[in-house]
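The listed protein sequences derive, respectively, from chains W, S, V and D.
Read left to right, the first sequence gives residues 1 to 398 (the working numbering).
Read left to right, the second sequence gives residues 1 to 398 (the working numbering).
Read left to right, the third sequence gives residues 1 to 398 (the working numbering).
Read left to right, the fourth sequence gives residues 1 to 398 (the working numbering).
Bear in mind the hints are in silico, worked out from the structure with no lab data behind them.
Watch out, some of these pointers could steer you wrong.
Where chains are identical, the list cannot tell them apart; a pair therefore holds if satisfied intra-copy or between any two copies.
[Said to hold, decoys possible] Simulated crosslink set (DMTMM-like; lysine to aspartate or glutamate; CA at most 25 Å straight-line): (1) Lys141 x Glu72; (2) Lys194 x Glu284; (3) Lys194 x Glu362; (4) Lys59 x Asp76; (5) Lys141 x Asp89; (6) Lys387 x Asp89; (7) Lys141 x Asp370; (8) Lys387 x Glu257; (9) Lys59 x Asp201; (10) Lys194 x Glu305; (11) Lys229 x Asp389; (12) Lys387 x Glu231; (13) Lys229 x Glu362; (14) Lys229 x Asp370; (15) Lys204 x Glu113.
What follows is the residue order along each chain.
There are 4 protein chains.
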Amino acid sequence: MTIEASGQDGSSGTRSRRLRLGMVGGGRGAFIGAVHRIAARLDDRWTLVAGALSSSPEKARASGADLLLDPERVYDGAAAMAAGEAARDDRIDAVAIVTPNFAHHEPAKAFLEAGFHVICDKPLTTSLDQARELADLARTKGVVFAVTHNYTGYPLVREARALVRSGAIGAVRVVQVEYAQDWLATRIEEEGQKQAAWRTDPAKSGPAGSVGDIGSHAFNLAEFVAGVKVERLCADLTAFAPGRRLDDNAHMLLRFEGGARGALWCSQVAVGEENALTLRIYGETGSLSWAQENPNVLVHTPIGEPPRLIRRNGAGAGAVSQRVSRTPSGHPEGYLEGFANLYSDIADQIEARLAGTSAPPEALDVPTVDDGVRGVAFIEAAVRSAKADARWEAIQAG
Amino acid sequence: MTIEASGQDGSSGTRSRRLRLGMVGGGRGAFIGAVHRIAARLDDRWTLVAGALSSSPEKARASGADLLLDPERVYDGAAAMAAGEAARDDRIDAVAIVTPNFAHHEPAKAFLEAGFHVICDKPLTTSLDQARELADLARTKGVVFAVTHNYTGYPLVREARALVRSGAIGAVRVVQVEYAQDWLATRIEEEGQKQAAWRTDPAKSGPAGSVGDIGSHAFNLAEFVAGVKVERLCADLTAFAPGRRLDDNAHMLLRFEGGARGALWCSQVAVGEENALTLRIYGETGSLSWAQENPNVLVHTPIGEPPRLIRRNGAGAGAVSQRVSRTPSGHPEGYLEGFANLYSDIADQIEARLAGTSAPPEALDVPTVDDGVRGVAFIEAAVRSAKADARWEAIQAG
Amino acid sequence: MTIEASGQDGSSGTRSRRLRLGMVGGGRGAFIGAVHRIAARLDDRWTLVAGALSSSPEKARASGADLLLDPERVYDGAAAMAAGEAARDDRIDAVAIVTPNFAHHEPAKAFLEAGFHVICDKPLTTSLDQARELADLARTKGVVFAVTHNYTGYPLVREARALVRSGAIGAVRVVQVEYAQDWLATRIEEEGQKQAAWRTDPAKSGPAGSVGDIGSHAFNLAEFVAGVKVERLCADLTAFAPGRRLDDNAHMLLRFEGGARGALWCSQVAVGEENALTLRIYGETGSLSWAQENPNVLVHTPIGEPPRLIRRNGAGAGAVSQRVSRTPSGHPEGYLEGFANLYSDIADQIEARLAGTSAPPEALDVPTVDDGVRGVAFIEAAVRSAKADARWEAIQAG
Amino acid sequence: MTIEASGQDGSSGTRSRRLRLGMVGGGRGAFIGAVHRIAARLDDRWTLVAGALSSSPEKARASGADLLLDPERVYDGAAAMAAGEAARDDRIDAVAIVTPNFAHHEPAKAFLEAGFHVICDKPLTTSLDQARELADLARTKGVVFAVTHNYTGYPLVREARALVRSGAIGAVRVVQVEYAQDWLATRIEEEGQKQAAWRTDPAKSGPAGSVGDIGSHAFNLAEFVAGVKVERLCADLTAFAPGRRLDDNAHMLLRFEGGARGALWCSQVAVGEENALTLRIYGETGSLSWAQENPNVLVHTPIGEPPRLIRRNGAGAGAVSQRVSRTPSGHPEGYLEGFANLYSDIADQIEARLAGTSAPPEALDVPTVDDGVRGVAFIEAAVRSAKADARWEAIQAG
């Protein structure tokens with residue numbers, strides 16, 4: 001361990017101002033909006049200045065006041081906000097869209113059309129057509145479009161990806177990815193739990209439940225680290241809670257380009273599991289194992305050698321993970337810090353554009369709208385496969 | 001923890017002699033034969049008195065001398081041994097068959113026909129027809145026929161089974177079972193490694209590689225603990241090592257009677273994994289998690305409560321696991337002790353027959369020839385499914 | 001796990017402004033200053049507006065610019081800053097002092113005399129006389145004076161303290177506390193490592209090395225959770241690195257009021273240890289175990305029952321730890337979040353004073369200047385004991 | 001992992017008979033006697049043929065029958081047994097003494113005088129004078145005298161010792177050893193628990209309680225692995241259970257030859273701990289960490305590198321630990337196997353004498369009567385120190 005000045009902290013940069021962030025969704029009672037705000041604030045690269053925080057104008061205003069926003073920049077809806085901000089000299093540098101799944105597409109489109117950089121929660125949309133439309137528009141407009149598959153922001157996830165790329169485990173053979181929770185083990189959507197209600201409602205969540213909510217994270221993480229893409233999958237989707245309309249559990253077999261095989265399990269009824277996203281990758285000459293709930297350790301086993309515990313910012317951890325660490329090894333960083341790494345990398349990207357320079361290559365490791373499209377394609381393939389009794393289905397992202 | 005006299009030790013029993021064991025296979029250079037011998041010896045219930053230890057007469061004799069056997073009872077083959085022993089007054093009480101897979105059927109049949117109790121390694125046979133033949137014969141002869149799915153002997157595996165039966169986790173929803181090793185990550189069968197050679201040779205191993213060698217253990221363990229049977233599976237089998245003729249990795253989706261779903265992964269190319277057999281079972285009201293490499297802990301999480309660490313013979317461990325423990329909690333027992341529990345339970349069964357009484361019900365938890373048949377049916381279903389591009393296939397044990 | 005709106009996030013409060021923070025120390029190249037800033041920012045309760053960031057005026061100005069401070073409020077020293085801020089209408093609400101140990105007393109005194117609330121890093125001072133002087137002055141002035149023994153901010157440390165208070169483990173018998181690091185295993189102070197240089201220099205660190213730097217945290221944590229005070233200790237201090245002038249390792253026996261016994265070990269030469277602060281408390285009817293490097297789990301074992309894994313914000317975690325959590329269980333929070341809890345609690349205290357109300361009792365769990373005095377008394381007792389060949393010495397804080 | 005023939009199994013040796021073992025103590029209701037018997041049996045090197053199993057003649061006979069001993073060789077006492085066995089051609093090769101502490105000296109002396117090899121449980125005696133007497137007598141007689149500090153038999157404890165000797169961690173600086181249990185947390189000695197009764201009775205246990213029962217194991221293990229001897233200690237002994245006459249908890253500071261420092265904690269009232277013997281050794285260039293409850297992993301951290309998990313018989317494990325392993329890595333071995341390693345090494349020593357050759361050097365790693373003397377000296381030093389208010393006391397073994 002070395003005790004020294006931190007990497008990500010704003011104090012080490014040369015900057016003349018914080019970037020200005022707007023937010024769609026995330027008003028009182030929301031969950032992920034608050035996470036985005038903390039993530040944006042953590043490294044002091046962003047300041048929240050505007051919002052369309054709720055579809056209820058009253059709640060939007062109250063939420064804006066909570067957040068000490070200038071009432072002038074508390075908008076009634078995304079369209080009004082896109083227009084209003086576009087008209088200002090001190091307009092936002094980017095918008096964060098943190099609404100439920102079904103309400104990503106419309107605001108994203110509005111802000112893209114107005115030329116803003118976009119940060120959107122996942123899954124990108126509830127249909128592949130909408131997702132592709134956003135990707136095309138983002139490409140046309142030439143803006144930054146990040147999708148917050150936040151688990152890619154963990155330092156040791158970045159480290160794992162770099163190790164695979166460097167050949168440390170050889171050609172990938174097997175990928176085991178799981179994302180298990182238990183908060184939907186019973187039908188709490190019937191008991192007024194707002195987060196459960198929209199996630200189990202096809203109208204708001206889209207065609208999938210657990211597959212969209214957490215399976216898409218697992219899929220993204222697997223591809224992000226393994227560096228090979230899933231070509232086909234074979235899925236068995238279940239709704240265990242009686243009467244639930246969307247899957248709350250899914251098992252899949254995966255076939256990757258290049259011949260790797262794998263399995264994905266996601267569940268929201270796995271009693272005792274909290275947020276158990278785990279990834280294990282086995283290659284010809286080594287393996288890697290990482291678990292989100294204990295994210296400061298990465299196990300790397302070269303063939304024929306003892307497993308090595310690579311600890312965040314510790315001995316054997318490379319530059320890529322040191323760059324996105326704030327504290328010395330042994331001082332645990334967690335979910336919020338990992339999420340914040342996305343915001344700081346996005347800041348790097350946008351500041352580079354403002355300065356007419358290039359962002360550091362490491363800052364480009366943030367999932368993009370294209371990854372968002374793949375996520376939606378994954379969801380659709382899983383749903384198709386399950387309907388066809390677990391037939392192999394291709395991921396049709398392209 | 002309580003320090004007191006142990007359960008399984010022979011000293012607590014009332015007996016006039018040790019049971020006499022014979023062994024087919026297990027000569028010099030063998031692996032599992034020595035394990036069976038230690039297991040039989042551990043609780044002082046058995047004494048090895050006869051053997052057909054190798055197909056090479058010379059090696060058979062040398063191995064017999066190593067084991068201090070009476071040369072008169074060192075036989076050249078199973079048939080000779082069955083005949084020879086049947087003719088003696090002090091004949092063996094049971095025979096242990098510890099040869100490679102393809103060489104189980106013939107000796108098992110010979111000893112069954114001679115009326116001996118049989119202890120046979122897994123998988124029972126290399127074809128379902130042969131397996132069923134043995135089951136029928138065992139039934140006809142009315143003998144004890146145990147199949148050493150030894151992982152069922154671990155005290156906390158028994159505890160887990162009892163907890164499921166007692167309703168501690170409610171109706172089973174999800175079963176995740178894995179068995180990962182790495183010793184076949186490269187083609188060591190080409191380098192004179194005897195254990196690898198027969199396991200990767202279809203003539204000796206049967207139609208499956210990893211699926212038969214370790215997948216069958218995983219399958220058995222899952223059913224043993226979950227208390228529900230797999231009805232159908234969907235399998236993707238791979239041989240990753242270039243040129244290998246049998247699978248060294250398999251992924252399966254499982255559907256259980258009663259609606260539970262699951263996944264099974266077995267691999268012998270998972271670099272860094274030694275003998276990573278793990279089982280997780282999620283029910284409506286709780287879950288259980290156990291790992292063979294750390295077998296003295298069972299995690300039980302009742303819904304809405306913190307996970308509880310049930311430690312072998314420790315607080316919260318029930319009578320079923322205390323019965324098969326020798327040492328106080330905190331004094332780790334392992335693979336050999338778990339294996340020995342099968343031998344001691346088999347001894348209970350045989351002694352009860354000799355005495356004309358009934359064995360304690362707990363002593364009947366040893367896998368039987370019917371479980372052996374299911375294991376072979378599982379292997380055949382997996383191979384069929386994989387050939388049909390992972391189509392759902394039924395387990396045809398019945 | 002429940003996914004819902006977070007507790008500490010600013011959005012849930014009713015407030016009209018953020019509190020204004022000033023900082024002494026923490027300029028370019030510093031470590032703990034950046035941590036304080038992130039901690040203050042995390043929950044959006046504070047905004048940094050002024051600083052005397054370095055003893056070098058040039059560096060102070062550059063550091064102020066890094067942090068986007070108004071140049072008018074970037075001061076050349078603590079005295080100037082205390083005077084300057086006292087003269088402003090929008091003066092700071094509190095000052096954070098984050099200089100090396102020897103440079104705490106003077107600025108703390110200056111800001112106290114000017115009537116400011118003070119947040120001071122640990123150990124409070126390098127002599128007990130100075131510490132008592134600050135405590136007296138803080139009392140006279142009636143201000144909030146917090147000492148950042150930040151490990152008390154971890155949700156499950158608060159939970160552990162509450163469990164002990166509630167009688168969950170009965171009367172405390174044994175306390176085992178350790179704080180092990182390895183970054184000073186070699187004499188990196190000779191190689192220009194600035195953090196090591198001042199920590200191993202008696203002129204800047206005071207009479208103790210590891211005992212002051214980390215032993216004081218361990219001592220504070222033990223008393224904080226155990227709820228009983230150390231009366232006497234018996235210490236063996238060592239400087240293992242050749243030529244080092246201050247201890248880099250210490251072993252102590254502890255005797256607590258009420259009869260509990262314990263041991264404290266702190267080391268900065270424990271190769272392989274990063275920031276291994278661990279605490280185990282054994283009472284008559286239960287025990288608790290917590291480790292800083294894996295802070296989202298607290299093990300609670302009631303006598304005669306299996307250990308229970310209490311997870312932050314998870315099943316079985318009480319209100320006291322939920323209050324200081326931002327994310328659902330399973331979404332790890334770490335060092336920065338724990339540190340931030342102190343800042344948010346201090347904000348609660350100061351806002352209550354501004355509003356003429358009382359802070360919630362839970363917000364008073366922040367270590368105070370009196371805890372700071374105890375910390376210095378602990379250091380002095382350890383040094384005295386070690387000089388007298390590990391004679392028992394009393395903690396003379398009173 | 002490699003699957004191959006095992007090391008310790010009798011089948012690999014060349015031998016004409018099993019060694020004959022006698023036992024003093026270990027009758028019905030005893031604990032450690034059964035452990036010794038399993039340990040002796042495990043590798044098929046010994047056969048139990050004689051015993052003075054209880055001080056009650058009736059119980060001795062019943063116990064002999066339980067164990068299927070020839071009634072002629074079931075003796076009424078140690079003296080009778082020493083005489084009886086000495087008179088036989090097929091006399092025992094060694095005697096195992098497994099009585100409570102106070103009843104070690106007399107039988108050991110009787111068997112030594114009759115020229116038998118002796119295996120004695122720990123602590124060797126209840127006074128240093130008696131211990132030295134046995135050591136002198138053993139030396140005079142030239143016999144093997146082993147003391148069953150069984151934790152030295154764990155493969156990875158041997159590995160750790162070899163690593164320290166090889167210089168893998170450099171000069172030892174810090175040794176942290178603990179042995180915590182909870183079974184005496186309440187006064188179960190008052191409730192008829194036989195094991196508790198003699199251990200808490202000064203007449204049977206000697207001058208110390210936990211220090212003799214488990215502290216002596218911890219002390220032995222620390223010296224065994226660290227390879228340096230404790231010169232002085234400073235001890236605080238406590239009896240927490242009201243009315244208990246011997247310590248049930250002890251804390252000690254340790255000073256080793258060569259300058260290493262350490263701490264020892266033993267407790268039998270540490271609620272939640274079962275048999276938590278742990279050892280951590282920190283040297284100039286590396287560290288080692290091992291825990292008895294999870295004995296198949298040894299953590300080795302070279303300075304500046306990630307921790308390495310050395311697994312029993314796995315990658316990176318050396319010849320010394322492979323030699324005393326029976327099963328491939330990943331197949332956990334535990335307490336009984338570790339204990340059995342002592343018996344097999346003692347068999348090697350005795351067989352070498354019978355054959356007029358030398359035992360392999362690795363077989364000499366079994367604690368001897370001299371280690372037994374050091375154990376008693378440790379106990380006496382701890383008791384002296386505690387009586388003198390934790391004054392430094394020397395270990396007076398020499």
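Outcome of the hint check:
{"no.": "1", "hint": "Lys141 x Glu72", "verdict": "neither (27 Å within a copy, 41 Å between copies)"}
{"no.": "2", "hint": "Lys194 x Glu284", "verdict": "between (46 Å within a copy, 22 Å between copies)"}
{"no.": "3", "hint": "Lys194 x Glu362", "verdict": "neither (37 Å within a copy, 28 Å between copies)"}
{"no.": "4", "hint": "Lys59 x Asp76", "verdict": "within (10 Å within a copy, 46 Å between copies)"}
{"no.": "5", "hint": "Lys141 x Asp89", "verdict": "within (20 Å within a copy, 47 Å between copies)"}
{"no.": "6", "hint": "Lys387 x Asp89", "verdict": "neither (51 Å within a copy, 65 Å between copies)"}
{"no.": "7", "hint": "Lys141 x Asp370", "verdict": "within (14 Å within a copy, 60 Å between copies)"}
{"no.": "8", "hint": "Lys387 x Glu257", "verdict": "both (24 Å within a copy, 20 Å between copies)"}
{"no.": "9", "hint": "Lys59 x Asp201", "verdict": "within (22 Å within a copy, 56 Å between copies)"}
{"no.": "10", "hint": "Lys194 x Glu305", "verdict": "between (49 Å within a copy, 23 Å between copies)"}
{"no.": "11", "hint": "Lys229 x Asp389", "verdict": "both (23 Å within a copy, 20 Å between copies)"}
{"no.": "12", "hint": "Lys387 x Glu231", "verdict": "both (18 Å within a copy, 19 Å between copies)"}
{"no.": "13", "hint": "Lys229 x Glu362", "verdict": "within (20 Å within a copy, 49 Å between copies)"}
{"no.": "14", "hint": "Lys229 x Asp370", "verdict": "within (13 Å within a copy, 42 Å between copies)"}
{"no.": "15", "hint": "Lys204 x Glu113", "verdict": "within (24 Å within a copy, 58 Å between copies)"}
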